[in-house]
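Construct the entire structure; sequences and hints are all you get.
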Amino acid sequence: MKQAVAISGLHKTYRNGMEALKGIDLTVSEGDFFALLGPNGAGKSTAIGIISSLVRKTAGSVHLFGHDLDREPGLVKSLLGVVPQEFNFNMFEPVVEIIVNQAGFYGIPRREAYARAAQVLNLLGLWDKRKGMARELSGGMKRRLMIARALIHKPRLLILDEPTAGVDIEIRHATWEFIREINRQGTTIILTTHYLEEAESLCRNIAIIDHGKIIEHAPMSELLQRVNKETFVLYTHGDLDRLRDIPDCDVRRLDDSTLEVDIDRNQNMNGMFARLQRCGIEVLSLRNKSNRLEQLFLDLLAHKPR
Amino acid sequence: MLRGNLIALQTIVVKEVLRFSRIWVQTILPPAITMALYFIIFGNLIGSQIAAMDGFSYMDYIVPGIILMSVITNSYANVVSSFYGAKFQRHVEELLVSPTPNYIILVGFVIGGTVRGLVVGSVVTAVSLAFTDINVHHLGVLLATVLITAIIFSIAGLINAVYANSFDDISIIPTFVLTPLTYLGGVFYTIKMLPEFWQQASLLNPILYLVNAMRYGMLGISDINLAWSFMLMGGFVIVLGTFALVLLEKGVGIKS
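Protein sequences appear in the order of chains A and B. For the first sequence, the residue numbers in this note's numbering are 1 to 306. For the second sequence, the residue numbers in this note's numbering are 307 to 562.
Within a straight-line C-alpha distance of at most 20 Å, the following computed EDC-like cross-link-like pairs (lysine to aspartate or glutamate) qualify:
no.	chain 1	residue 1	chain 2	residue 2
1	A	Lys154	A	Glu30
2	B	Lys561	A	Asp70
3	B	Lys393	A	Glu86
4	B	Lys556	A	Asp68
Stretches of chain B that chain A covers, calculated by requiring three or more beta carbons in the stretch to come under 8 Å of a beta carbon on chain A:
no.	segment
5	308-316
6	400-409
7	549-562
Worth flagging that the hints you see were computed from the coordinates, not collected in a lab. Think of the CB as a built atom: it goes at the ideal place given N, C-alpha and C, for glycine as much as any other residue.
Quick look at the structure:
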């Protein structure tokens with residue numbers, strides 16, 4: 001499969017001496033839905049900033065769809081759409097003007113730009129707000145406006161930096177569905193997010209960056225197989241004082257009716273349920289305490305040498 | 307590619323012109339009122355007590371400088387506030403992530419500033435008609451001077467905005483550099499009135515050359531050789547334009 005993104009030996013040292021990227025290598029295949037994760041300050045935004053020409057690199061190379069960002073900046077930029085983490089549009093401009101102007105910056109004639117704006121604003125549920133000033137939009141609408149703006153020139157690669165930060169559950173799920181559809185239509189997507197269930201649900205491949213280095217780069221499924229322990233919360237009925245040790249399970253009592261159990265991924269849970277039943281404790285319901293990717297993410301950050 | 311760049315240029319220009327047109331009460335009206343006050347106080351009230359200058363009434367003498375002063379101030383203010391505003395709100399990133407080349411960004415903002423300078427200059431000219439008749443000695447010199455002046459100060463405004471880190475930084479140059487140079491640039495007097503030393507010192511003030519070219523275009527008189535004035539103007543456009551382009555290419559103030 002062709003590479004949408006090929007980053008090699010990317011270094012960034014800021015003027016204050018802070019080394020944000022320490023020679024990262026990264027590839028993203030065409031058509032992929034790719035998660036770039038890492039804790040705050042890990043270097044994600046710097047890497048995205050360099051790809052989108054907002055940050056100057058110290059060393060290394062960036063190729064998009066085989067084109068060198070240094071040699072063909074205009075072409076490379078035309079292949080890329082960026083949804084940044086922070087709102088970066090003119091709050092005092094009408095919504096439709098923001099979209100049409102962005103199209104103009106990509107060389108799209110005004111008449112065609114209005115037609116495309118109508119299409120993306122309708123898709124993202126912003127058509128009714130097109131004449132209003134951007135500052136009048138709600139937080140969720142502003143996020144959708146940035147997605148609409150990034151899509152106006154039909155990019156082959158879309159970078160979404162925290163696209164659902166601060167939006168309610170309903171809009172988050174609608175946004176997921178929308179970007180899934182964009183990806184199905186062939187657009188390569190790179191997603192950064194702090195909601196790891198978002199990355200687990202959407203992305204096929206993942207890279208984890210920490211302290212300016214890629215510490216993991218693998219298919220999501222392969223990575224999740226490495227999670228060897230899961231934590232469940234059990235809601236019970238019965239006297240928990242009668243609970244005895246359960247072999248191969250680490251059980252903690254949270255309150256008079258709730259237990260937290262760490263259990264190996266390959267372990268059969270029937271034994272645990274039988275043991276609880278013998279103690280006169282019924283399990284009414286249970287849930288996963290943390291999602292698998294979150295567990296793995298924390299494990300990786302805790303155990304990788306820095 | 308060329309067509310795409312022309313569309314990008316058109317987009318920036320339309321955006322810039324719409325920006326200052328939407329807030330015309332803040333951008334067009336105040337200079338018209340301020341300059342009307344200059345005409346009333348300096349031209350009518352004080353000017354009537356002053357003898358003819360180079361054969362013209364004091365009101366006629368100050369009209370070219372006052373029109374040019376409004377062009378200088380407004381072309382500068384338009385670009386410095388617009389570009390710094392785009393930096394401050396981070397929507398300059400809309401341009402930086404796009405394939406729009408830096409020279410198109412520069413030209414687009416400069417055209418925006420130039421248009422505002424010319425619009426305000428035209429309004430002030432119209433206001434001056436309420437106080438005196440407009441003389442046109444050489445239309446070509448007059449139009450070229452106004453146009454090149456607006457371009458120079460639009461570029462200068464962009465350079466100021468690139469370096470600015472706060473709203474204070476965009477008012478320092480206009481307050482402490484531009485205004486004194488303009489007032490001492492022969493708008494209200496001829497340098498022949500000054501002692502020899504200050505006449506020579508005034509020659510270091512670039513605005514003197516612009517004001518005198520404008521005065522030549524309108525009245526046919528000048529303290530400065532016209533060729534020197536146009537050479538200076540051309541030099542400023544080339545030097546400042548190149549400098550601004552280098553700043554944009556390097557991403558000074560806009561890329562980390």
